[in-house]
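Chains A and B, in that order, give the protein sequences.
Residue numbering for the first sequence follows the numbering used here, beginning at 228 and increasing consecutively.
Residue numbering for the second sequence follows the numbering used here, beginning at 689 and increasing consecutively.
No wet-lab data here; the hints were simulated from the structure.
Not one of these hints is a red herring.
Think about it this way: if two alpha-carbon atoms lie no more than 30 Å apart in a straight line, the pair counts; the simulated DSBU-like pairs of lysine-lysine are: (1) B/K834 with B/K737; (2) A/K303 with B/K890; (3) B/K867 with A/K303; (4) B/K867 with A/K305; (5) B/K890 with A/K305; (6) A/K303 with B/K834; (7) A/K298 with B/K867; (8) A/K305 with B/K834.
Using C-beta positions, here's what the derived DEER-type ranges look like: (9) B/P732 with A/K305: 27 to 37 Å; (10) A/S273 with B/D925: 55 to 65 Å; (11) A/D300 with B/I812: 32 to 42 Å.
C-beta: ideal position from N, C-alpha, C; glycine also.
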Amino acid sequence: MHALKPTQRSHGVARRTPVYVVCSPRARVGKTLVARLLIDFFRIESRPVAAFDINRNEPSLADYFPGSVIKADIVKTKDQMALFDSLIINDGIGKVVDVGASAFEPFFDVAQQIGFSAEARRRSVQPVILIVSDVDRSSADALSGLQRRFPDVALIAVHNEAAIGAYRMGMSGQLRIPLIPPVLKGVVEKPTFSFANEPAGTPSLLDAWLKQIFVQFREFELRLLLKELSLQMRA
Amino acid sequence: MTKPTVIVVGADKGGVGKTTVARSLLDYFTANHVPTRAFDTEAPRGTLKRFHADVTEVVDITAVPDQMRIFDTLGNDEHKVTVIDVRAGLMSPTLRSLRDIGFLEAAKKGQLTFVVFHILGPSIASLDEIAETATFLGDARYFLVKNFINNTSFFEWDAATYNSYFKKIKDAVDITIPKLNEMASEQVELASVPFLSFVANKGSNGQGASYSFVLRGYVRHWLGNVWAEYDRIKLTDLVGAGKVSILQTAQNH
Numbered sequence: 228m229h230a231l232k233p234t235q236r237s238h239g240v241a242r243r244t245p246v247y248v249v250c251s252p253r254a255r256v257g258k259t260l261v262a263r264l265l266i267d268f269f270r271i272e273s274r275p276v277a278a279f280d281i282n283r284n285e286p287s288l289a290d291y292f293p294g295s296v297i298k299a300d301i302v303k304t305k306d307q308m309a310l311f312d313s314l315i316i317n318d319g320i321g322k323v324v325d326v327g328a329s330a331f332e333p334f335f336d337v338a339q340q341i342g343f344s345a346e347a348r349r350r351s352v353q354p355v356i357l358i359v360s361d362v363d364r365s366s367a368d369a370l371s372g373l374q375r376r377f378p379d380v381a382l383i384a385v386h387n388e389a390a391i392g393a394y395r396m397g398m399s400g401q402l403r404i405p406l407i408p409p410v411l412k413g414v415v416e417k418p419t420f421s422f423a424n425e426p427a428g429t430p431s432l433l434d435a436w437l438k439q440i441f442v443q444f445r446e447f448e449l450r451l452l453l454k455e456l457s458l459q460m461r462a
Numbered sequence: 689m690t691k692p693t694v695i696v697v698g699a700d701k702g703g704v705g706k707t708t709v710a711r712s713l714l715d716y717f718t719a720n721h722v723p724t725r726a727f728d729t730e731a732p733r734g735t736l737k738r739f740h741a742d743v744t745e746v747v748d749i750t751a752v753p754d755q756m757r758i759f760d761t762l763g764n765d766e767h768k769v770t771v772i773d774v775r776a777g778l779m780s781p782t783l784r785s786l787r788d789i790g791f792l793e794a795a796k797k798g799q800l801t802f803v804v805f806h807i808l809g810p811s812i813a814s815l816d817e818i819a820e821t822a823t824f825l826g827d828a829r830y831f832l833v834k835n836f837i838n839n840t841s842f843f844e845w846d847a848a849t850y851n852s853y854f855k856k857i858k859d860a861v862d863i864t865i866p867k868l869n870e871m872a873s874e875q876v877e878l879a880s881v882p883f884l885s886f887v888a889n890k891g892s893n894g895q896g897a898s899y900s901f902v903l904r905g906y907v908r909h910w911l912g913n914v915w916a917e918y919d920r921i922k923l924t925d926l927v928g929a930g931k932v933s934i935l936q937t938a939q940n941h
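Starting from the given sequences, assemble the full structure and let the hints guide the process.
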């Protein structure tokens, strides 16, 4: 598997191999933006990361990381194998999966049918589902459905302020993507743009915006780690 | 001596998945710790033997010496259940032979348990087989198996037609075998191992294998559904044993 290169040397922190699944049953709510942010969060933190694009007929992650993203058509068994057989490996490489709206149901149907969450737990892989909210209740309903289907998987609701009037899903662990400064919007949306390649420490609007998001990423990683430690101590 | 059980898996038509059902039964009994042996009547090739070599013998069921090997040994050894995978075209002749040698009479007297898994194909010819089979059944427990594993097409016959045939046999029960993902099915064929070994990622000699997690997941899910059907008909009770879940089995296997 081809992992996207980190930007600095690794810190060597031992943890379960994380698999972040960014999804929504609705298109154009900012899933790919969240996936890009996660990938660059890993790279800036000097942690290896691999990316998977499960979009069909939508703007996708592969456009931003050409040649570095594994694309999969979730309805094809061969592609399911390329995807899930990689996601289940505890190799210390973080995985980010961008699940397009049209792939939402088939992706989770396959994951449930093949017993992904149980096998992930057995192999010390940590799946985390980030579900991006929409203007209506559909994302909240989808989130409840996922909670029922995958009760032992961490679920995080993402409130993207750019999606006007996005429905706030009432649950703890919500991640907030602040409105991107209008002057930066065009820059960030360019396929050649990478958050990780911006000069570090440069005081800028972009840095300030990123800092707000990356702090939340660190917080939820810490929460997951603490939960894991607490479970291990109890066992 | 425990009462032996003989399970005949057959159909007169070929290509309807008899051996697949026989394999799923052997896995089911393995999982439930029921000592089982099998006879593969597809002499000399033996497809069932390829998957379950340790418990399977290839026999010519039309030959008297082989009939003796099967039926004269019932209850003589440690095997509680005998599964006979009857090759295409031999279902009716086999049942006729069983009647002629007094096997059906022994079942009637309660000396053994006789179970028939009649595998139905999608064509109307399969339904005609039911009527023919009915004349031999006596006191057998009769299960009509609608097998979707190898076929994506709908069954040609409608519910009313099916029911008219179904009612010809007293106490007949139907079982549905769902479709298994084609690639998963192909990979198990290539691996030539029991479904249970494939799920547990084991090769033919019990060594670790590297089958796809996705395909193993599909097989586990499918096998779970098939076994749910066997649980529904209380198959372990029928042969006098308890039952175990598929997850538990895969973990122990």
